Amino acid sequence: MSLARYLIQRIFQSILILLIIIIINFIIISLAPGDPIQFVAGDIAISSPEFADYLRAKWGLDKPLHERLLMYLYNIIRGDLGYSYRYSEPVINLILERLPITLLLTLTANILAFALGVLIGIYSAKNLGRKIDTLSHVIGLLLWSTPSFWLGIVLMIIFSVNLKILPATGMINVRNPPQGIWLYLDIIYHSILPITTLTLITLPLYFKITRDSMIQQVSEDYVMTYRAIGFSEDIIFRRYVFRNSIIPPITMFGIHMGFAVAGAALIENVFGWPGVGRLLLDSIRTRDYPVILGIYVFVASSVIIANLIIDVIYALLDPRIRITGRR
Amino acid sequence: MIRLIRYARAFIQIIKLLIRDKYGVAGLLIISMIIAIGISAPYLSLPDFNSTEFPRLEPPSLEHLLGTDYLGRDMLSRVVWGARISILVGFVAAGLSAVIGILLGTLAGYYGGLIDYVISRIIEIFFMIPTFFLALTLAAIYGSNIYMLMLIIGLTTWPVTARVMRGQVLVAREFLYVEAVKAIGASDLRIISRYIIPVSIQPAIANTILQVGNAIMIEAALSYLGLGDPNYPSWGRLIYEGQPYVATAWWTSVIPGIFLLITVLGINFLGDALNRILNPRISTRNYT
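From first to last, the protein sequence lines are chains A and B.
Under our numbering, the letters of the first sequence match residues -6 to 320, in that order.
Under our numbering, the letters of the second sequence match residues -1 to 286, in that order.
Worth flagging that the hints you see were computed from the coordinates, not collected in a lab.
Bear in mind that the values here come from a model prediction, so they are computed numbers and not experimental data.
Even for Gly, the Cβ is constructed at its ideal location relative to N, Cα and C.
Incorrect hints may have been included.
One-sided and incomplete, this derived list gives chain B residues near chain A with beta-carbon spacing under 7 Å [stated by the list, open to error]:
hint	residue
1	A138
2	I237
3	N266
If you want the ones that stay clear, here's a sample from chain A, every Cβ over 12 Å from chain B, calculated [claimed, not checked]:
hint	residue
4	I174
5	W175
6	Y177
7	D179
8	S184
9	N237
10	Y282
11	Y289
With the hints as constraints, model all of the structure from the sequences given.
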């Protein structure tokens, strides 16, 4: 199979999967019991049926399900994710407005967790079975078992309530909003606690995957061959073991970045961080269906694109995939 | 009957191996303790977990070992009853998830072809959507009583098990004795239930234990967002109710979280040990 054919096949598959995800979510949300008009307009919808009908026609809720679905799919192709019931604004604008705010948390935390996790994982695997390895393994399991939102609350109690050195909630100092460069510094200052929480929660993932893949690589035959040839452990590690065992954590990083938009919702809820996750939670509470659906489509697309990019990189690096179409 | 005895023997064998493993012992101890707390909840002569007769936001004292919450309810009683809810939700949801995952994974691996294609694509789709948000949306839209939560968690977490199972079955179906049984004329059902599943289920079992922890965590997260069952004091719900008061009454949120952490840790210890025992060749890559 040529590279081009492989790519076309993967792109076609990705589009198909995205389509299925959109359709399933659309149906799940549309079949929800209860009238969204009631949630948005409240008592007015009951006292004035005309107004309710007007809203229904405005949002296309008077049409049958399949027509609405086709309309929705057609709009997505044009980059239109619909209008929010609550904000009366295009959904895509709502998402894009909050995206950088969420990415500040998730991108920073993910990079930190990746760097620390890979470092500790390599160190741990090099000292396999020693005390330091056992210790990091147990701490890894401990962090992995920690509920993210609870860790956020605990850190908040320690650093905001007791030590009073970090702000508890929000993104900027609302009472006295700083100007210019100080505004950015204030945002960074407010982001320390959420980023720390998110880093600590994500770290064991990278630690574990790096340690496992290191252990597996060291037990491969080629390592023994190089040892027999007489290469130093240092060279074997740097040239071969490290390069091979860094691949799984990088894959993980790619996949995780796709989910990054959604991944911080619980933390955003704890710290009152006005990102995409908060938008989703608020929309679920207020039954703002177009926003919920829009965020799903957005997240699913980013995960699928991340996966596609990873696959393309692999296909370029590894001729076996190009030939057999498998990895 | 003979098969039952054989399964019982295998079970005892696994427990024996677990006891030899440090993590296994720790996990078993922690989980038995939490289950014991959950089972004994009605017999501990604790005050009713919904009774609001006590002073509000009382710090831990001899009278109220874990203090009281914002409505004056005894936290110890609520945490102990919470163990019941968390354990129940965790095991039922993970059990449901395991049944679906093992079944679909086996079908995909054994039959291949179109069945495999369809099931594999479904699994792939699940890995591409944030399943926690699917659970969140379902819980918000379709009501949030405790049975609904179990169903939702079970229906959104099975793909991991299915993927593990499929990989195992793909190997098992190529074994020579499977071919031999086929040649004799055994039915597919018999081959799958007697010769395929028993040799390929071990990694799925280890995975299911880890899923129990995952299910408890999802329930806690949903409850923390206020989408849990309001009638039961699950740990996530306790954290949710306590959060507005953390500045003055840290125990209302922190203590239920410690129980949650210890329980999930125990399950992860156990799952980790089981993975090493049942699945010595494959590293414990399926962390969730």
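A quick look at each hint next to the structure:
no.: 1; hint: A138; in the structure: 5 Å, holds
no.: 2; hint: I237; in the structure: 6 Å, holds
no.: 3; hint: N266; in the structure: 5 Å, holds
no.: 4; hint: I174; in the structure: 31 Å, holds
no.: 5; hint: W175; in the structure: 27 Å, holds
no.: 6; hint: Y177; in the structure: 28 Å, holds
no.: 7; hint: D179; in the structure: 22 Å, holds
no.: 8; hint: S184; in the structure: 20 Å, holds
no.: 9; hint: N237; in the structure: 14 Å, holds
no.: 10; hint: Y282; in the structure: 9 Å, violated
no.: 11; hint: Y289; in the structure: 7 Å, violated
Of the numbered hints listed earlier, those contradicted by the structure are 10, 11.
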